[in-house]
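Trainee: Those protein sequences? They're chains A and Z, same order as listed. full-length UniProt numbering puts the first residue of the first sequence at 1, with every later residue one more than the last. full-length UniProt numbering puts the first residue of the second sequence at 1, with every later residue one more than the last.
For the record, the hints were derived by calculation from the structure and aren't laboratory data. Every value quoted in this text rests on a predicted model; they were computed, and no experiment measured them. Incorrect hints may appear among the rest.
[Claimed, not checked] Derived DSS-like pairs (lysine-lysine); straight-line CA-CA distance at most 25 Å:
(1) Z/K106 - A/K306
(2) A/K106 - Z/K106
(3) A/K323 - Z/K323
(4) A/K310 - Z/K108
(5) A/K108 - Z/K310
(6) A/K106 - Z/K466
(7) Z/K306 - A/K108
(8) Z/K466 - Z/K499
There are 2 protein chains.
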Amino acid sequence: MITPSAQAPPVLTIAGSDCSGGAGVQADLKTFCAYGCYGAGAFTALTAQNTTGVEDVHPVPPSFIEKQVEMVLSDIDVKAIKTGMLFDAENTRAVVHSLNSHYTSKRKPPIICDPVCVSTSGHTLLHPDALEVLAHDLFPLTTLITPNKSEAELLLSQNGFPTFIKTVEDMISAASRMILVFASGAVLIKGGHINTSVEEIRSLEEKNPQIRVIRQGLLGDNMEILLISMERIDAAVNPGLVVDVLQERGGETTLFVRPRVESASTHGTGCTLSAAIACSLAHGNSLIGAVESATAYTHLAIETAKPIGKGHGPLNHLHSTSKTLIPSPTTRNPYPFTRYLINNTASSWKAYVEHDFVRLLGKGTLPRSAFNHFIIQDYHYLKYYSRAYGLLAAKSSTYAEIGSATQKVLDILHEINTHETFCQTFGITQEELESTPESTATTAYGGYMIDTGLRGYGEVGLWLKKEASKEGSWVLLENNPYKKWMDDYSGPRYQQAVKLGLDVIEGRALNDPPTPARLDEWRSVWERCTLLEKGFWDAAMEHA
Amino acid sequence: MITPSAQAPPVLTIAGSDCSGGAGVQADLKTFCAYGCYGAGAFTALTAQNTTGVEDVHPVPPSFIEKQVEMVLSDIDVKAIKTGMLFDAENTRAVVHSLNSHYTSKRKPPIICDPVCVSTSGHTLLHPDALEVLAHDLFPLTTLITPNKSEAELLLSQNGFPTFIKTVEDMISAASRMILVFASGAVLIKGGHINTSVEEIRSLEEKNPQIRVIRQGLLGDNMEILLISMERIDAAVNPGLVVDVLQERGGETTLFVRPRVESASTHGTGCTLSAAIACSLAHGNSLIGAVESATAYTHLAIETAKPIGKGHGPLNHLHSTSKTLIPSPTTRNPYPFTRYLINNTASSWKAYVEHDFVRLLGKGTLPRSAFNHFIIQDYHYLKYYSRAYGLLAAKSSTYAEIGSATQKVLDILHEINTHETFCQTFGITQEELESTPESTATTAYGGYMIDTGLRGYGEVGLWLKKEASKEGSWVLLENNPYKKWMDDYSGPRYQQAVKLGLDVIEGRALNDPPTPARLDEWRSVWERCTLLEKGFWDAAMEHA
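Just chain A, with the same shape it has in the complex (with noise of 0.2 Å):
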């Protein structure tokens, strides 16, 4: 769902704080980091709360709610909005006056209402009082409500349908009588307080064929493989089952079923599930897209959670969510995955760069018996570099890859012909070139490169640029026996060459980000791969 690069949609949530962080925009702001969203958050209350109880609610006033809002939607292009706890009438007014006055046509973020009215430790979090502005001024602006069992009960029996709902058929109707009752897009009746089996859906299903029915984590066919660790395969197979109920206003049944799990990880599922819609939302989903992806969100938190405090624990906001170890490149970090490599393997790479063999290049004074035995093993070497960029063509899956892999075989094959004519100049002769049997180190390193393909000659001839460039440098340009060979690795040919490889390594980085795992075998790829070429250079030299 996160797409680092995209813009986080914003969200905002209007509701109450739970200063433990289970619940309320506490769990909203969690859950919209998890979705990938900007979260915004103004309050209506806040309570002193824990795991074990509500001890104390601190009411906001109605001005200063408005002004929240008011201070976020007139300067964040918010796409989505949730409402929580609102704690009495007159805050709920406020809310629905603040969200009235920034309501156009032209910019309607869709809101979900979540009507909270007690908390799962029994304390009243809407005075009886605001049920009526909730129902009347509120719904009407919203996409969806989503109330619970209990909640679903009081708002249709206040407003004179005496209602009790106690199987899921009893949901199916208290929901298409919320619909005609009241003024919101849809209706989620959340079925966590009602028990059902996979008979019972399935005779539903056969007695209503307009109902779709969306199962969630259930066994499909064919998964007896699954069960292989189990030790209660039946409860596997046929477990208890939860069932959320959306009505649509367009008639639209939708069952959301899944496994109950048992878990006293419950704290905040209602925040949770009406916050992870509204992100759904955000990011551009139907509503039945968002319930969806909302309900398994939510349905994986509690799975996974770990208790924390002494009663009903919060639910594991980051149950998918990980670290990526290399950040995005950005303008002044273009290169970051690069960057970490030579960071952490600097010494060896500074060896190498500034290897005895680059600084008496440099100088001018590198015996031309060092040199020759360097650019023949060099010559051989280019052939397993070819051939790496060739099996990496072969190996690739998308057009780009072959062809950026191609062209990098083109490169070394200039490069090879360069080798000649150069060779050529030193009187090195093609037979020379051929017959000279390849050294230990060649054949190593060539091996090698043909697992990874890296080259640094890059940063030597942008090292020997950059050293040449200070005042009194120690590097002769005029007359220097190996200035051509200077010049070729900083010149732009082979530069242009260096970024395409620079460009391959950091895109594959960012595509397929690496674990710690990973992230460390490919520094140690790149280390090796180092002290390889600085044992072409430390085998050069024994020849001087």
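Guided by the hints, dock chain Z onto chain A, whose structure is given.
Mentor: Coordinates of chain Z only, in the frame set by chain A:
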């Protein structure tokens, strides 16, 4: 930083609310999420503000502040605490009182105090009379205080040391002075408003060798290669710098140096930094490690932020957060990855598991010729299969992986042995087994298996077993010539091998979570394997 299976360490923020989401408790909670911490948040004040400024402040009554902190600390095992905006003397006293009453020698989580005095937009967030309470009552409880330039100046001046901070040297003296004047464990003076340069830091380092300098996000030696696509290379090599100065009570001075980012997205920088330090400490890091992590996190949050709102926009708190597509295994869903694969290739999987070949085999009416063709080809196929696991062993990097791959090879060899015995009872000789040529289906599938390593007979065996257990089942159990085959694949030995295979696949998905592209690739590999297994049976049926 996030390890999904570990408990998220709880962290508490005691601060103000910024309804627009960029600063205060909202920014803290987002930072807690990014660091994989469980967030709790108690309020000292609410603000009505947005990116352009603070419109109004609603202070929370001191007694209610105490109740909130009390509810959190009496229930949740908090691993670190940060304080932000405290508003006035009374509220600061309430915070101190509630912290004191929960601090014992046994339970003493680190406290980070961000002495918020004035908002970025210039609004007073701490009454002057609170400065004394802050300094004399709160600071002694803290592990670290994190003033910016103006706050450090104000606090020192207020305590009899008129101070003006203009340079990094001023920051260093002020930090040393603060350690003498105040009783906090350490002081971090934030240098966001002080300009410095690479040269100044270098010369400071030479003059004061006892000062430790931690360079972050700066181009190191031999990184010319990373500048390849930059337009303004000078600015990258020699950027304006920002420095934060950490002074510890033991005497150690550490500078955290990084390039200055010119950005309007700085709203909530101080809140984010102190929240990140608290998180890193809660994860068990040292103070220097925590400041290093937090400054890097905050720097990237500014650098990667996209504009939100009309004024100073918020940071990008989620820059290093990504979404995992496969949920973590739970008791109810121990094989979430395999489940995903089966769910998303349902029709191919069903066509394979419930193939006519399997149905006729279950009924006992499968023509012997079809079965013989199948069993001989399966004999060939198992060779590929065992070799595939040999390859996996060769490619594994841990002894555990090598061990489980090798165990698979042994399981397959056992299966081959069963085949040989089985074939004998069907009148197929060992010579016939070895000499019958491989069919195309076998070769294709075998080759494919080398790359992948999946097999579904376990499901087929279990499906037949399940069907057989139904009343009036079509499956013939007694006198079925293929009974032994069915028993083998639904029996404990083969199922144990399947479990091993599932564990390997699931472990891989858990330790190296796939990106959307890779997940889809895995899905299509799974589906192709399933269809090739089906092709195996199609081929056998042609011999019926």
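Trainee: Which of the stated hints cannot be reconciled with the structure, identified by number in ascending sequence?
Mentor: 2 and 6
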